[in-house]
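Starting from the structure of chain S, add chains B, F and W where the hints point.
The lines below spell out each chain.
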Amino acid sequence: MNRHVLVDETRRPAAAGCADLPAAAAPGTGPTVRTERGQREVFCGLTGIIWMHRKIQDAFFLVVGSRTCAHLMQSAAGVMIFAEPRFATAIIDDRDLAGIADANDELDACVERLLARRPDIKMLFLVGSCPSEVIKLDLSRAAQRLSARFLPDVRVLAYSGSGIETTFTQGEDTCLASLVPTLPPAEPRAKELLVVGALADVVEDQFARIFAALGIPARFLPMRKANDLPPVGEGTRMLLAQPFLAETARALESRGATHLPAPFPLGVEGTTAWLKAAADDFGVDPAAFERVTAPMATRAGAALARQRERLSGKRVFFFPDSQLELPIARFLHRELGMELVEVGTPFLHRQHMAAELALLPDGLAIVEGQNVDRQLDRCRAAAPDITVCGLGLANPLEAEGLATKWSIELLFTPIHGYDQAADLSGLFARPLVRREKLKV
Amino acid sequence: MNRHVLVDETRRPAAAGCADLPAAAAPGTGPTVRTERGQREVFCGLTGIIWMHRKIQDAFFLVVGSRTCAHLMQSAAGVMIFAEPRFATAIIDDRDLAGIADANDELDACVERLLARRPDIKMLFLVGSCPSEVIKLDLSRAAQRLSARFLPDVRVLAYSGSGIETTFTQGEDTCLASLVPTLPPAEPRAKELLVVGALADVVEDQFARIFAALGIPARFLPMRKANDLPPVGEGTRMLLAQPFLAETARALESRGATHLPAPFPLGVEGTTAWLKAAADDFGVDPAAFERVTAPMATRAGAALARQRERLSGKRVFFFPDSQLELPIARFLHRELGMELVEVGTPFLHRQHMAAELALLPDGLAIVEGQNVDRQLDRCRAAAPDITVCGLGLANPLEAEGLATKWSIELLFTPIHGYDQAADLSGLFARPLVRREKLKV
Amino acid sequence: MKLTVWTYEAPPHVGAMRVATAMEGVHYVLHAPQGDTYADLLFTMIERRDQRPPVTYTTFQARDLGADTAEIFKEAAREAYERFDPDLMLVGASCTAELIQDDPGGLARALNLPVPIVPLELPSYQRKENWGAAETFLQLVRALARPRAEPREEGAQPSCNILGPTALGFRHRDDLEEIRRLMARIGVRVNAVAPLTARAHDIARLGEADFNVVMYPEIAGPVARHLERACGQPFTKTVPIGVNATRAFVEEVGALAGLDVADVLAEGAGRLPWWSRSVDSNYLTGKRVFVFGDATHAIAAARVASEELGFEVVGLGTYSRELAREVRAAAEGLGLEALITDDHLEVEDAINALAPEMVLGTQMERHIAKRLGIACAVISAPVHVQDFPARYSPQMGFEGANVLFDTFVHPLVMGLEEHLLSMFREDFEFHDGAVPSHLASEHAAPRREAPPAPSAEPRLEPAAPEHGDVAVLERPVAEAGADLRWTPEAEKELLKIPFFVRGKARRNTERFARERGVAPITVETIYDAKAHFSR
Amino acid sequence: MKLTVWTYEAPPHVGAMRVATAMEGVHYVLHAPQGDTYADLLFTMIERRDQRPPVTYTTFQARDLGADTAEIFKEAAREAYERFDPDLMLVGASCTAELIQDDPGGLARALNLPVPIVPLELPSYQRKENWGAAETFLQLVRALARPRAEPREEGAQPSCNILGPTALGFRHRDDLEEIRRLMARIGVRVNAVAPLTARAHDIARLGEADFNVVMYPEIAGPVARHLERACGQPFTKTVPIGVNATRAFVEEVGALAGLDVADVLAEGAGRLPWWSRSVDSNYLTGKRVFVFGDATHAIAAARVASEELGFEVVGLGTYSRELAREVRAAAEGLGLEALITDDHLEVEDAINALAPEMVLGTQMERHIAKRLGIACAVISAPVHVQDFPARYSPQMGFEGANVLFDTFVHPLVMGLEEHLLSMFREDFEFHDGAVPSHLASEHAAPRREAPPAPSAEPRLEPAAPEHGDVAVLERPVAEAGADLRWTPEAEKELLKIPFFVRGKARRNTERFARERGVAPITVETIYDAKAHFSR
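Protein chains in written order, with this note's numbering: chain S, 418 to 857; chain B, 418 to 857; chain F, 55 to 589; chain W, 55 to 589.
Don't read these hints as lab results, they were simulated from the structure. Computed from a predicted model, the values in this text were never measured in an experiment. Just so you know, not all the hints are guaranteed correct.
Distance condition first, Cα-Cα at most 20 Å in a straight line; then the derived EDC-like pairs of lysine to aspartate or glutamate [what the hints assert, rightly or not]: (1) 854/S / 802/S; (2) 546/W / 622/B; (3) 856/B / 129/W; (4) 546/F / 618/S; (5) 608/B / 702/B; (6) 550/F / 569/F; (7) 56/F / 525/B.
For reference, chain S alone in the conformation it holds in the complex (with noise of 0.2 Å):
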């Protein structure tokens, strides 16, 4: 499986020039893996919160952090389209600096206030950040301390969002981490699947009529109500949706849950053997898998082969991201006929990666971490077709005459599974077609 090189580096002047580049690596020895430090242009975790707190609908997160931390959280994403967010931020301010309030008594002071004009919330996160983590400010004892007041009306649970410990998707992966400990246990012989990752509505209503139609019985994490907790123990069976999901998974495991290896369920052949991981765990009959799953994926293949026309053979420039960029740019390698020029990912969990890691050509190079202005000048040396970058980013590439899909657009629009692998491969499309089209 380790077939990928390892490249070691650590901070180095500017002006390395095409030094950066990775060189071509010999055919079977794997994609080369290059660690880069610098300025890191990313989301810290708390932006997780956006797909978060609409995903569980009785929850609310309150960010313990600063007016930084609000700002970001209110700017990222167009979230002011929300008219009753269910988040919020409890700012510190200088007085909780001075010592001249007591923070736990303000914070409890807040979450009073909080709860008093939400009676609707069942479930509470406090969210560290960057502020509160430096200070020190012990936010799992709160929980616990806010947790034995409130319940059994609301349960009050601790993560870290922090820029200094989390990149973006991370925060998902801390949330979900302490939800596990929360979870009731199964019956200890209860064979059951649990699929781990926020997916949209209707494509986790899709996987469910998949599992139900092969006959494994299946429960999602997170839930969609926050009471609505599935069980875990030794007959728990992990699929991972994500791949993000570093701590989620040691949490799960060490209540007894066994990690299903596979590929991650984008695109056809990624969801194909996802799905076969659970279904041979579970020992479905190959032709019973086959009768459910292969008219799924010939009709997303049809529906693919028509954007293969469009992508096959355009290059494709990733900035690290969103932990998605490696079972994606297998995908657009893959399935879509895509040269892949550099693949960024802000970090590499070479288990959970192994079988992409497998799947991916011989001498690609991948980036863990980030200098953005070397990548910046690599980009614009390689003049890839797209380039997936974040949102600051993507209008300076564009007036520069690159095409972008913006990353942040992958965590939210429906692109796992069979029926939206078009559209996932539809979201490389689009900006190639927007400048087709456009006459000015």
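Only chains B, F and W this time, still in chain S's reference frame:
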């Protein structure tokens, strides 16, 4: 009663100068009424559809006319706010005029298409227009023919709203008159009050409560639902809520109804007198009448007192329009202390107006009919504080520095009855308040 | 006889009024019954003019019909002349007066007034407003304009007339300003503007310009063709609405004027190009829009929508029969068949059938779109009083293109908002009735939408039973796929699709099912159709 | 610690970014943890800038905290200098870096870079965005600007600096253009504009102008006061938003420049005055509006609403604590007590209590208004991406006043429409959820409104049972008059009042009942209250 002096006048050359101004009359002689001819800046009777089609909620009004009629309807009064209006026009084209198409067949086809699209229609009015009158299309016969075909689902009636025969509010009169033959006969001995004239729903409800409190059985014409026709017969006492219902009153009288002469229910005084006319006829104990009405009259009077401060002594000039001019002038003069410069009216029904004329000041200049250019000359010369006029004149007069009140608002605002007296005066105060407020 | 709920155009004499009111020193005596004076308010209320239109109406009544209506006309004409002292009089009849055949032209001439009289024959039962305006303008020009007496001076600054703006025109005030700025920038002198602001003597000297700029072909087309024949003046064929059309217009003017316009073009093209290329506009790509209006604005809007915003135009039509050929050609260029009709109900049927995501139309289409819960922007007359804004709002020129960008995008749900709505369809804040977050008006209507046929009973569908603060009713529409049955599961799955693409999804699914004889429609049919139509 | 749902302002280092991004040749090195780079997207996405902000972040992580974060800062600053070659560098810390006290100013100086270094001390736990921008601008000016060396030449054209516009400012782009046009018209030369478009050397020569124009006191106030002291330059006190303020501004500039401005003032004041005096605006009179925003825009909007549109301002507030005094004075002039708060929830409570007919506010108030079914127009930052339009949309100057007229009127139901809604309350098309007819968006939310207290159960109220195509749910709000009971008849009567005045009617009735101890509220109480409050 007939204190007023009649001055008739035929078309005269222009440039009559201030000879146009009515001479001051001697005390005790009542208002001076002068007839004027020339360009009449008024709406035709089709305009009544604007409020009638909303009052009878399951009726539909089909104008048989030209594109001008259709355009008038959609432009006149902001009716394009209705996504699904209950009026339309069967537009006559040159095929109808040249005799290539039989106009009756064409009309039947329009009605068929309409009823197929709008199965909710219970009553259909064919509304005659200038062109249909000039080409002598017999809509009454068409209505009979179509009624025969579509009853019991849809009753089809016909009336004229043409400009050559009706002015503005007279369209309501001809519409209601066309309804009269369809009213069911009342029990011969049943004495019942029939309030005639379209009122705002909220006002109708208020009057219904008052009549109930007085013990007077009362019905309203028009009714809100096409099939809720009030009966009429010898016992019917007819109380006119609007001053422009000559034909309707005549038709009801021919069905046995008795007209109760009264001022119109505008202002506190008018409303009390109007209610009193009914109470006296129905033998309501004067003390009971006082008990029911006095608190309302007092309340309305108190509200008016504050407005009187603002309006007292202000000079008002009426262009002819709705036939509401006389009762409103009476209200403004007697209850708010306003000075009446000239009161135009498109038509003066001397019998229905008798009680109003009796309350108007001696020597008041009433002008029946119109020569708009000469009236504008007089208005400019008089420089009134507020001028009541149609939409075509208002902005030009404002631009010349004269405050105006558009007369169509008097039809589109609940102004009748006690609790609307202050609203009615408010319509006259608002333009003056605005001029005071605006610093640009 | 034709059943008409709303009419796109007024009768032709209102077109004549638009020309008379636009000009100065002109008076129009109109033989018309009482009531026809309503037309004044179009100008004083809808356009907020501070003067009455220069029109005298005879306002005859029934009792006059037996007497001498011709005499009434003559008296009105004579009095109007005396009172208003015009440089020129237009005379004519409205629809009713046309029937009584009094011959206003002959009657007016018989008065021997010392100013030109231009009689107008505007057949009310055949023609409409724009034709009436064009014909009035043409008769004025025929009566007054002559070729220039002396040849153009060597080295003189090139000059043009700007033809077409009238009173009550959709954005004519600001379009004219934009064209004036463009001409100044290019270096062309404006000899005259007409009808707006022109006096009779300005019409008389139209022949002195080198060429004509036609702003609105509906109104100025016949005049431009007449002047080409009579005075040898070429005229512009491009209407400068949109960035590309404006650039083409600048080039055309440059060619007609013999001037180099490279520097004008190099200065840039306003903000539309970058706003459209900015990544937040990516979601606009391929949005299905239906376009309807007068020919000029419909053709322009379709071009801008397609080339400059990246929408997919799925329908294009006009009520301007006079320019049907041009609209047909534009539609053909987009692979469409143009809808040429003045029947509002036909337009409604077309929109219903196409289920577009946005309508670019007139006030009438705004109604249709509102009823169907489709986004809509107004691009053409007839319009509301609110479409005569205080602020500078041209459609033409580069600033006009900026205005169009904002106008087309404003009613839509924004890109990231679309995504969130897709992801979290079940969120109670994202019920079908949710308004785009950037739009907050005094109140707002629940969106109604045709559900999959044929559940005959209206269903009250609580969008979020557990929170229960909203209920949306979907009512059946007879037309939509009455032959197709949906399983309850399929109906439910359809509701998981966000409303702004649901119409398309339903349409595609039913089309797919019909073509393949699939019945009933199941969840799998939805995804089969989705895969089939995926591009 | 303060519970915050939305924040009106970003932290102060974002204010510094707004200045740095507005300028040219400036680079800002910000000591900040990973994640703080989100601020780039404010500029590249919300404002659609086509370049990255000139900011380098150290983006330290937890593992670096144990190591040497100061070294990371120095390396970042050195690399940034080498890569971007700026004329000047700003250095500072974001909130987290402030806690670790690495002293960016000292570290940067220690690098001995050959350009000016301006260190910024922006206390993140006390101050906010606008203060940060003002402080940054002030430090730049202190560091660079000097009084002019030579006295003003006799007879030279008067000159000014235009101070205040920044990146990400609400309409700064177009306000600047409008001010430039006004200055050109008055005859004042513009010496420099800052921060927007300025380079370090432009800041250095600010002292050469005769006076300063302060566009936004929140940002340019401290600089103007400094320059008055340091360079003897007077500055303008009037912010030219609205017709009257623009006229006063022209006069003020005339006085400062020693120029006669009578002809400029005589030229007119744009279209607002006539649009506001036109009879179709009569219905605007006395509409109750609530105003909230930054101090400059809130004060201006209240004045325009009151003096120029004839609204009644019932509430005025700001989140700009630095200018609380000015807002208090403006509120006092309107007979109000100003609401000075940066707590969105307090603003929501105030709007709830006042039940205005319209809100003029920020994007946050748009949310509140949307939830309450109240019309809303946005007049101040913070704003949506849609409030950075392509078209020319100033707030300042006469064209700005035109824009304000349209903006304030657009969300309202129009005059005649109001009347029809009042008259035919029972008409099924006029249910409470009906949207103003001129607004058609992609979808629309049913309006929710607090019903008369205290019917504890949400009621599903079919607006038109006989047609049944709409259902509106009214849910109880605990705050509103919980002590007052309404009879069922009175509740029914209240529903006959059109929604756009119903809030006021309920509020007046309950106030009347409470003051007089009337219980329960009957139909007659409604009319007693109506008569009592009638003006």
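Status of the hints after comparison with the structure:
1. Simply put, residue 854/S and residue 802/S have alpha-carbon atoms about 16 Å apart, close enough for the 20 Å limit, and the pair holds.
2. A threshold of 20 Å between alpha carbons decides the hint, and for residue 546/W with residue 622/B the separation of about 12 Å falls inside it, so the pair holds.
3. This hinted pair does not check out: residue 856/B and residue 129/W have alpha carbons roughly 60 Å apart, beyond 20 Å.
4. Proposed proximity of residue 546/F and residue 618/S is supported: the alpha carbons are some 13 Å apart, at most 20 Å.
5. Only pairs whose Cα atoms come within 20 Å are accepted, and residue 608/B paired with residue 702/B is accepted, the gap being roughly 17 Å.
6. The straight-line distance between the Cα atoms of residue 550/F and residue 569/F is roughly 24 Å, outside the 20 Å bound, and the hint therefore fails.
7. Note on residue 56/F and residue 525/B: the hinted pairing holds, with a Cα-Cα distance of about 11 Å set against a maximum of 20 Å.
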